[in-house]
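There are 2 protein chains.
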Amino acid sequence: MNFHELMNKRRSVRGFTERRLTDDEITKLLEAATAAPNACNYQSWHFYVVRGREKINGFVPKIYRGEWFRSAAVVFVVCTDAGQLEARFGGRGADLFAIQDTACAIDHLMLMAAEMGLGSCFVGAFDEDECRRYLNIPDSRRPVALVPVGEPAADTPKRPRKPINEVVTFAGEEE
Amino acid sequence: MNFHELMNKRRSVRGFTERRLTDDEITKLLEAATAAPNACNYQSWHFYVVRGREKINGFVPKIYRGEWFRSAAVVFVVCTDAGQLEARFGGRGADLFAIQDTACAIDHLMLMAAEMGLGSCFVGAFDEDECRRYLNIPDSRRPVALVPVGEPAADTPKRPRKPINEVVTFAGEEE
Numbered sequence: 003m004n005f006h007e008l009m010n011k012r013r014s015v016r017g018f019t020e021r022r023l024t025d026d027e028i029t030k031l032l033e034a035a036t037a038a039p040n041a042c043n044y045q046s047w048h049f050y051v052v053r054g055r056e057k058i059n060g061f062v063p064k065i066y067r068g069e070w071f072r073s074a075a076v077v078f079v080v081c082t083d084a085g086q087l088e089a090r091f092g093g094r095g096a097d098l099f100a101i102q103d104t105a106c107a108i109d110h111l112m113l114m115a116a117e118m119g120l121g122s123c124f125v126g127a128f129d130e131d132e133c134r135r136y137l138n139i140p141d142s143r144r145p146v147a148l149v150p151v152g153e154p155a156a157d158t159p160k161r162p163r164k165p166i167n168e169v170v171t172f173a174g175e176e177e
Numbered sequence: 003m004n005f006h007e008l009m010n011k012r013r014s015v016r017g018f019t020e021r022r023l024t025d026d027e028i029t030k031l032l033e034a035a036t037a038a039p040n041a042c043n044y045q046s047w048h049f050y051v052v053r054g055r056e057k058i059n060g061f062v063p064k065i066y067r068g069e070w071f072r073s074a075a076v077v078f079v080v081c082t083d084a085g086q087l088e089a090r091f092g093g094r095g096a097d098l099f100a101i102q103d104t105a106c107a108i109d110h111l112m113l114m115a116a117e118m119g120l121g122s123c124f125v126g127a128f129d130e131d132e133c134r135r136y137l138n139i140p141d142s143r144r145p146v147a148l149v150p151v152g153e154p155a156a157d158t159p160k161r162p163r164k165p166i167n168e169v170v171t172f173a174g175e176e177e
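The listed protein sequences correspond, in order, to chains A and B.
Residue numbering for the first sequence follows the working numbering, beginning at 3 and increasing consecutively.
Residue numbering for the second sequence follows the working numbering, beginning at 3 and increasing consecutively.
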């Protein structure tokens, strides 16, 4: 599968089968996440790996409302850990670079999941404070996304994108 | 090349040959960028594609200091375009989701570049205001990264990552 095929295979999956993930599969996903590009190679991220029916059910509905979330085999709670970036770049380090780093890590994780035949979803609309309490996340980290992963329960169509020319402006001329 | 190989091939490249990119290559990179996961499929991004020696040289040193930047074949200036996300989610839409969307787009673009044998770099430490003026970027968009792309002038080693266990916490038990 080349990258064009892989990126088209990747889609937001909201519903999973009963199949659990092995430790090796979870490691493979984390290795992909941490291979992502990131500012100064500080690796300003931390991953909470949440497993087990009971612990995952505890997310719904207080942290995240969707009932489908309960079907996840694993939930990755992705946090920024921006101490070094903030020391070097101030607010721009914490509020921009660390968010970009973690988003690239999630993108990598989701692409690896797709290659492994797994589905995933980038969930940003959740209650950060409740999540922080639930997992005892220290102040030095900020949970910025929930990424449930599992075997897709059904096929999901790829959602169409705007034509390229609607989101692109050309500047300068090739000489 | 499977995804594990591709992600290891992708690295930050800071120096390019004289080879220019074709329109088809640029389109392929933009198609990869826009296939990225994004909040609500609003596609809260806009891409300025900057070509031509003169226009690219104008970035250095006012917008970005590194002299190597001049060697890029193309510079993608990636902006958030967060109107819809902000209307729906307020500040969280503009300051979190749109930054995550654009970072995933950049990650996709860099992976596609790697597959095409091209190099790229995620440049976050640049002067946003100068960049905005240089390209006449409207207030509705925010430039969040410069991504120079070209044929790598030299091999760059992949930088090592921390061991997984340093950036992961497990929660819950598989029953």
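Bear in mind the hints are in silico, worked out from the structure with no lab data behind them.
Don't take every hint at face value.
It does not matter which identical chain is used: a pair holds within one copy or between any two.
What the hints assert, rightly or not - No farther apart than 27 Å at their CA atoms in a straight line, the calculated lysine-lysine pairs in the DSSO-like style are these:
(1) K160 x K30
(2) K57 x K160
(3) K64 x K164
(4) K11 x K57
(5) K30 x K64
(6) K30 x K11
(7) K11 x K64
Please read all numbers here as calculations on a predicted model, not as lab measurements.
Find the hints from earlier in the document that the structure breaks and name them by number, from lowest to highest. Checked against the structure, the hints that fail are numbers 2, 3, 4, 5, 7, while the rest are satisfied.
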